[in-house]
Amino acid sequence: MQLYDDVYSQIKQLLPVEASVRSPYRSDMCAPEGEKDRILFGSETAYELGGGGRQSASAVLFADIPEKQSETLLFGPDLDEISRDQPFGHVSVVRLKDGSGAQYSSETLKTIGFTVFRLYPEGYHIRISPVSCKEQVRVASSAIKKDRPLSFINVGNSLIREFLKHPEVEYAKTLFITDRDFDYRSLSAAALKVKKITDAVQSAMQLDELDCASCRMKPICDEIDGLRDMHLRKEGKI
Amino acid sequence: MPDTKTFTFAGKGGVGKTSLSAAFIRILSERFPEKRILAVDADPAVGLSVALDVQPSMTIDDVRLRIAESIEKGETSAAAQLLSEARFHLMDCIVERGNISFLAIGRPEAAGCYCKVNAYLKQIIETLSGNFDFVVIDGEAGIEQINRRVMENVTYLVLVTDPSKKGFQVVQTIRQVAQRLVSCEETGVIVNRAPESFTTDVPDLLAVIGEDRFQSKNDMDGESVFSLSDASPLFLGAKSALEKLLGEDTENAAV
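Top line first, the protein sequences correspond to chains D and P. For the first sequence, this note's numbering begins at 3 and goes up steadily by one. For the second sequence, this note's numbering begins at 257 and goes up steadily by one.
Just so you know, the hints here were simulated from the structure itself, not pulled from any lab data.
A few chain D positions that, by computed beta-carbon distances, are all more than 10 Å from chain P: (1) S11; (2) P18; (3) R28; (4) Y49; (5) I67; (6) K147; (7) D183; (8) E225; (9) G228.
Residues from chain D that keep clear of chain P, each with C-beta distances beyond 12 Å, as calculated: (10) S25; (11) L229; (12) R235.
The list that follows gives simulated cross-link-like pairs (lysine-lysine, DSS-like), each with its CA atoms no further than 27 Å apart: (13) P/K378 x D/K136; (14) P/K500 x P/K421; (15) D/K167 x D/K38; (16) P/K378 x P/K261; (17) P/K500 x P/K422; (18) D/K14 x D/K112; (19) D/K70 x D/K99; (20) D/K112 x D/K99; (21) D/K112 x P/K378; (22) P/K261 x D/K38; (23) P/K329 x P/K378; (24) P/K291 x D/K147; (25) D/K220 x P/K329; (26) D/K38 x D/K147; (27) D/K14 x D/K70; (28) D/K38 x P/K291; (29) D/K136 x P/K329; (30) P/K329 x D/K112; (31) D/K38 x P/K378; (32) D/K198 x D/K99; (33) P/K500 x P/K291; (34) D/K148 x D/K38; (35) P/K329 x D/K198; (36) D/K195 x P/K329; (37) D/K14 x D/K198; (38) D/K148 x P/K291.
Please read all numbers here as calculations on a predicted model, not as lab measurements. Note that the Cβ used here is the ideal one computed from N, Cα and C, for glycine as well.
Generate the whole structure from the sequences, applying the supplied hints.
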């Protein structure tokens, strides 16, 4: 889906060339499932990622995955190597199946995007602000002090498994960033741009306006390649 | 997830609901150190935070306003997004102190209808409550919150009054409204600041508490319930009432 190509390129440019960990999706290496509504109390928490005023960014975008496989990438220390609160970034990239029609259905994109809101790994309490594109995670002491501690690979696999449950999804890639020297501010700006595009897709699909000169979406269509075509295609004009 | 027991305090203004709520919270915290307690300040006067010596940086009403603003700006609208946004901010409203977590509802200061937001917040608070063994709600004076079904599922409805006729009338009104609108397992009445000669035939009487110089001094000094003397009549009355409700002891409630 080309709409997100520019912002995905920007995100890739922010990342180090090599990931600390790169792991193809394995359904047998998902995180143990926790209780849906269970919260982690301060006394149970080892540290918080992206919390307490620290930088954090979260985005789900739709783009091509040239590697043609689902995988998890980590840039920075893993969960059992972190000991205190620190900034955090998480980006999920979803590749939709060609011809599934999902590219043109704002409802499907929205449903797939909400997958991250419904992830409950045991000992890994996620909270996401869709408005500010922030993601904060409380990590339980018990989760990282086990013989086989919880890892980002486990969490990434769980998330990919949930993405792949949507029939329109071909591959999913999860990127976790914990490197303290990373440019989280720029990632946050990119995450807000992703949200802007997703919101614009939903608005474009609901608009009946066909005169670009008077349409309120014009500034966004001018900025994001492909958005105008998507709207016109929906109206049967191209 | 634990089997949550909820205590809700209701009654006329100025009868000592907040002091009794705080005393219940302290007693539960000390008697069940392994259990988790959620203290909810549902009174716009936010006195429970002072009684427990906690300072919340954000209230539920702050969250409500933030989400309402984001809806107005068109930043979010889908149910899943609203729930996620509310859940995100709700955690910032919670102040933890040992096995007690504190949450303040706050004071609605903006006009307008936020029914949709309120419905999500109510859902999330109910979900949050499921993480706790005990939830103690210090309700606002009168029957408004009962009427609005803010407190729908209650294990114990604790009706607090002073010995005045008006106080008992308010208790009676709350009792009638609650019978229609609240799912409640048990109700009980605590009469506070009663003279020695006071008697009553209220069938579900939990405690009669006399004048309390310890509590008065605590209030004047701005001290929390954790500084209150164990010999305080209010503390002893709360203890006795709690024992009756939990069925642990049935010693004479009069203090």
